[in-house]
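Participant: Here's the letter readout for the chains.
Protein chains: 2
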Amino acid sequence: MNGKELSPAEIRSLIRQGQWNGPTTGLASGFVQANLVILPKAHAFDFLLFCVRNPKPCPILDVLEPGNTEPSIAPGADLRTDLPKYRIYEQGTLAREVENIRDVFKEDMVSFLLGCSFSFEKALMEAGIPVRNIEEGKNVSMYITNRPCIPAGAFSCPLVVSMRPMQPGDAIRASQVTTRFHLTHGAPVHLGAPHEIGIKDLDRPDFGDPVTIHSNEIPVFWACGVTSQMAVVSAALPLVITHSPGHMFISDLKDEQMTLF
Amino acid sequence: MNGKELSPAEIRSLIRQGQWNGPTTGLASGFVQANLVILPKAHAFDFLLFCVRNPKPCPILDVLEPGNTEPSIAPGADLRTDLPKYRIYEQGTLAREVENIRDVFKEDMVSFLLGCSFSFEKALMEAGIPVRNIEEGKNVSMYITNRPCIPAGAFSCPLVVSMRPMQPGDAIRASQVTTRFHLTHGAPVHLGAPHEIGIKDLDRPDFGDPVTIHSNEIPVFWACGVTSQMAVVSAALPLVITHSPGHMFISDLKDEQMTLF
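Quick note, the sequences are listed as chains A and B, same order.
Position 256, counted from 1, in the first sequence is what the numbering used here calls 256; the numbers after and before it change by one each time, with no gaps.
Position 52, counted from 1, in the second sequence is what the numbering used here calls 52; the numbers after and before it change by one each time, with no gaps.
By construction, these hints were calculated from the structure, which means they are not laboratory data.
Any given hint could turn out to be false.
Computed beta-carbon distance windows for the label pairs [as the list claims (entries may be wrong)]:
#, chain 1, residue 1, chain 2, residue 2, range
1, A, Arg204, B, Met125, 28 to 36 Å
2, A, Asp209, B, Ile218, 24 to 32 Å
3, B, Ala193, A, Leu202, 52 to 60 Å
4, A, Thr93, B, Gln19, 55 to 63 Å
5, A, Gly30, B, Lys138, 45 to 53 Å
6, B, Thr25, A, Gly92, 33 to 41 Å
Partial list, computed: chain A residues near chain B (C-beta under 7 Å) [said to hold, decoys possible]:
#, residue
7, Ala44
8, Leu49
9, Val104
10, Leu239
Cross-link-like lysine-lysine pairs, in silico, DSS-like; alpha carbons within 25 Å at most [as the list claims (entries may be wrong)]:
#, chain 1, residue 1, chain 2, residue 2
11, A, Lys4, A, Lys106
12, A, Lys200, A, Lys138
13, A, Lys56, B, Lys4
14, A, Lys254, B, Lys106
15, A, Lys85, A, Lys106
16, A, Lys41, A, Lys122
17, A, Lys41, B, Lys122
18, A, Lys56, A, Lys254
19, B, Lys122, B, Lys4
20, A, Lys41, B, Lys41
21, A, Lys106, A, Lys56
22, B, Lys85, A, Lys56
23, B, Lys254, B, Lys4
24, A, Lys85, A, Lys122
25, B, Lys41, A, Lys106
26, A, Lys4, A, Lys41
27, B, Lys85, B, Lys254
28, B, Lys41, B, Lys138
Even for Gly, the Cβ is constructed at its ideal location relative to N, Cα and C.
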């Protein structure tokens with residue numbers, strides 16, 4: 001399908017009807033996509049607190065009342081059916097992947113939608129800054145750092161970062177551009193000196209693909225939404241539902257609606 | 001005392017020893033002061049959600065684990081003793097004011113510290129923008145608007161705003177300056193046209209004092225921390241503790257440490 005031209009509601013409808021189960025990258029261009037985490041109400045305060053304490057990796061776009069599946073940032077949507085693929089975790093272990101969670105979602109569960117990096121990558125490209133992973137058609141390189149997130153309750157994990165190589169002047173401009181997007185990870189958390197944050201080999205990311213780094217470029221690191229997945233697994237709850245990597249929730253919010261200024 | 005020169009820890013120590021029970025305005029210049037809300041853990045998720053959904057009136061500086069009274073933004077401090085005056089609400093009604101809460105605080109209670117406007121008023125003055133309430137030695141004018149906050153659980157109330165009159169050019173500059181201070185209410189929520197947000201008479205604020213408005217000035221409105229107090233009262237919980245108006249918690253965080261850029 002030509003998903004770039006369809007509206008978020010149209011794409012969610014196709015997904016709901018089982019007509020699209022692939023990644024959402026590039027779909028509904030200009031609209032905010034989100035990471036999904038669903039967990040039992042008994043742990044919702046601690047997880048919300050984890051997100052509040054770690055806003056760069058876990059920026060909160062929407063939190064729903066227990067049992068509710070219609071986000072305020074996408075009226076008419078249903079989080080049980082409108083993502084192409086979900087992961088079910090039991091006791092902190094990936095149990096299975098499914099295409100809807102109609103039979104799994106329970107009334108006592110709370111859904112969190114967290115910002116992802118798609119919005120700011122688009123802003124970088126519009127500012128004329130090359131984004132290597134997109135140029136090379138790869139997943140962004142992601143690394144587990146030696147920096148701990150601030151824990152909350154049972155949720156505790158290191159910060160995960162994504163990396164984009166850039167020329168130093170572009171790195172400065174990228175810091176300015178992404179500052180505006182504080183709900184999709186905001187400004188970088190680090191640049192240059194990967195060993196300072198515990199990264200030994202840029203060519204061997206913990207998640208995603210390695211990308212080409214030219215000799216006149218430095219690595220620029222942003223907080224990454226995968227951190228929320230690691231936090232959720234760390235708590236080893238009886239049941240947690242997330243999106244599958246790359247298979248995000250597409251909201252009705254335009255990228256420019258969630259900039260700070 | 002010459003509180004402007006003392007460190008936050010020194011002032012908290014004087015307050016703890018009962019040697020200061022007045023307002024904290026102007027004390028520890030350059031350090032962030034905070035609104036305090038303490039409530040039972042059973043309602044903590046809903047109140048945290050209320051703050052997340054309404055970040056302009058209720059910007060979160062710190063949320064403590066249940067039973068903890070030492071904020072991360074002020075190591076060594078004790079929220080039971082280090083504010084000059086507290087209010088105790090029972091079933092949504094003000095029951096009494098006290099100078100410490102040693103006997104009231106319980107292990108199942110969660111403490112929230114929320115940003116207040118002192119930091120950005122200092123930034124406005126440093127930018128050469130007159131702040132009328134400070135010039136006239138008055139409390140800022142505050143109004144209950146016709147704009148509802150997004151409710152969460154039992155917490156539901158209208159947005160409360162503070163008003164500072166300014167010349168239009170200063171209003172634009174003030175919007176820029178306060179945007180940086182997103183954890184102390186950020187940019188204005190409204191300017192000019194007070195009737196549009198339900199304010200009938202600027203000379204009759206719902207809280208605080210009226211201030212002089214010159215004929216070449218327009219009213220500029222910021223989201224106000226009093227909103228969090230109204231939210232708490234709206235829920236009519238068995239027990240809630242807050243600071244007394246003007247008697248804030250003084251943190252170790254410098255104003256410039258919590259700017260966004």
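Participant: Run every hint past the structure and note whether it holds.
Facilitator: Here's how the hints hold up against the structure:
no.: 1; hint: Arg204/A - Met125/B: 28 to 36 Å; in the structure: violated, 52 Å
no.: 2; hint: Asp209/A - Ile218/B: 24 to 32 Å; in the structure: violated, 54 Å
no.: 3; hint: Ala193/B - Leu202/A: 52 to 60 Å; in the structure: holds, 54 Å
no.: 4; hint: Thr93/A - Gln19/B: 55 to 63 Å; in the structure: holds, 56 Å
no.: 5; hint: Gly30/A - Lys138/B: 45 to 53 Å; in the structure: holds, 47 Å
no.: 6; hint: Thr25/B - Gly92/A: 33 to 41 Å; in the structure: violated, 49 Å
no.: 7; hint: Ala44; in the structure: holds, 5 Å
no.: 8; hint: Leu49; in the structure: holds, 6 Å
no.: 9; hint: Val104; in the structure: violated, 22 Å
no.: 10; hint: Leu239; in the structure: violated, 18 Å
no.: 11; hint: Lys4/A - Lys106/A; in the structure: violated, 33 Å
no.: 12; hint: Lys200/A - Lys138/A; in the structure: holds, 21 Å
no.: 13; hint: Lys56/A - Lys4/B; in the structure: violated, 33 Å
no.: 14; hint: Lys254/A - Lys106/B; in the structure: violated, 44 Å
no.: 15; hint: Lys85/A - Lys106/A; in the structure: holds, 18 Å
no.: 16; hint: Lys41/A - Lys122/A; in the structure: violated, 35 Å
no.: 17; hint: Lys41/A - Lys122/B; in the structure: violated, 41 Å
no.: 18; hint: Lys56/A - Lys254/A; in the structure: holds, 20 Å
no.: 19; hint: Lys122/B - Lys4/B; in the structure: holds, 13 Å
no.: 20; hint: Lys41/A - Lys41/B; in the structure: holds, 13 Å
no.: 21; hint: Lys106/A - Lys56/A; in the structure: violated, 29 Å
no.: 22; hint: Lys85/B - Lys56/A; in the structure: violated, 34 Å
no.: 23; hint: Lys254/B - Lys4/B; in the structure: holds, 14 Å
no.: 24; hint: Lys85/A - Lys122/A; in the structure: holds, 23 Å
no.: 25; hint: Lys41/B - Lys106/A; in the structure: holds, 23 Å
no.: 26; hint: Lys4/A - Lys41/A; in the structure: violated, 36 Å
no.: 27; hint: Lys85/B - Lys254/B; in the structure: holds, 23 Å
no.: 28; hint: Lys41/B - Lys138/B; in the structure: violated, 36 Å
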